[in-house]
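Participant: Chain A is fixed; fit chain B onto it per the hints.
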Amino acid sequence: MELTDILFYVFAALTLGCGVLVIVNPFSRNPVTSAMFLVLTIISMAGLFVLLHAFFLAAVQILVYAGAVIVLFLFVIMLLDLKEEARRKIKIYGFVAGLLSVGSILALFFENLGSTPLDASTPAVEGTTEALGKLLFTGYVLPFEVVSVLLLVAMIGVILLSRKNLE
Amino acid sequence: MHVGLEHYLTVSFLLFALGMLGVIMRRNLIVIYMSLELMLNAANLALVAFSRFNNKLDGQVLVFFIITVAAAEVSVGLALIVALYRRRQSAHVEDLTGMKL
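These protein sequence lines map, in sequence, to chains A and B.
Mapping of the first sequence onto my numbering: position 154 corresponds to residue 154, and the numbering continues sequentially without gaps.
Positions in the second sequence are counted from 1; adding 167 to them yields my numbering.
Bound-form chain A, shown alone (with noise of 0.2 Å):
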C-alpha cells in the first residue's frame, strides 16, 4: 500500500466519522458542538480535495467553509439561545423513517456504482490555481459574472431580511 492510500483510509474515516458526531452526537446535543465536528469534516474533506490533486479547491474549501460559513453558523447559535436543545429528544419514530429513507437511497447508489463502467485510467489532471483560473476565464465566463450578481443579491436579500421591524 502506497502512503497516498493509507492517507486516503486515514481522511475518509475521519471525515465520516466526524460526520456522524456532526448529526448524533451521544455525548451533547449543543449545536455548537455540532458546528465544531462540522469544521472538522471539512477540513479532513480538505485534505481528500489534495489526494485528488485538486490544490485550489481544497484551499477554498477551507477558507470559504471552515473560515467563513461555520463563524456565519457559530454566530447564529451565538445570537439564538438554544438551551433548549439539549432537553428534546430525538423521536424513535423520526430515527426509524430516516434510517429507512437513507437505506434505500444508499442501496440505488451503491447498485449504480456496481454497473457503471469506471474509467479509472491514469488520471493526469490537475487542480492547480492556474488551470482552474485559465478554465474559469476562458469557458465559464459567463456562469462567474452571474454567480457574482447572484452573491449580490444574496447580500442586499440579507440586509434586507435581518431588518428590525420585517414588513
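These are computed hints drawn from the structure, not numbers from a lab.
It should be emphasised that the depicted structure is a prediction, and the values quoted were computed from it without experimental measurement.
Heads up, some of the hints might be wrong.
Below, computed lysine to aspartate or glutamate pairings styled on EDC-like, alpha-carbon distance capped at 20 Å [to be verified]:
1) A:Lys134 with A:Glu145
2) B:Lys223 with A:Glu126
3) A:Lys91 with B:Asp262
Which bits of chain B does chain A cover? Going by a derived footprint, with three or more residues having C-beta under 8 Å, they are [said to hold, decoys possible]:
4) 173 to 181
5) 199 to 205
6) 218 to 227
For each residue, glycine too, the CB sits at the ideal point set by N, CA and C.
Facilitator: Here is chain B on its own, set in the frame of chain A:
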C-alpha cells in the same frame, strides 16, 4: 488494493446519506442546515473525484460554483432563521406549524 474512483464515490455516498439522515431526524433548524452543508459537500467530493478520474477540469469549476452558491445560500438561510426566531422565539421545526391546515 489501489484507491480508485469507487472508493471516493463510496465516501461521498455515505456522507450524503449522513446528511440526509440528519435532515430527516434532527428537529433543530440550525443542525438541519449543517446537515444540508454535509450533503452539498458530498456532491462536491463526487464531482472532484469524477473530474480527477476522467481527466477533465470542468468538474472542479462546477465545485467552485457550488461552494459560492452554498455560501450565499447559508447567509440567506441563517438570516431567515434569525428573523423567524425573533417572531416565534423558537428554532424547532415542531413549533413552526403556522402553515398547517
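Participant: Does each hint hold? Answer for all of them.
Facilitator: To see whether the hints hold, each was checked on the structure:
no. : hint                   : verdict
1   : A:Lys134 with A:Glu145 : holds, 15 Å
2   : B:Lys223 with A:Glu126 : holds, 9 Å
3   : A:Lys91 with B:Asp262  : holds, 15 Å
4   : 173 to 181             : holds (count 8)
5   : 199 to 205             : holds (count 5)
6   : 218 to 227             : holds (count 9)
Of the numbered hints given earlier, the model fails none.
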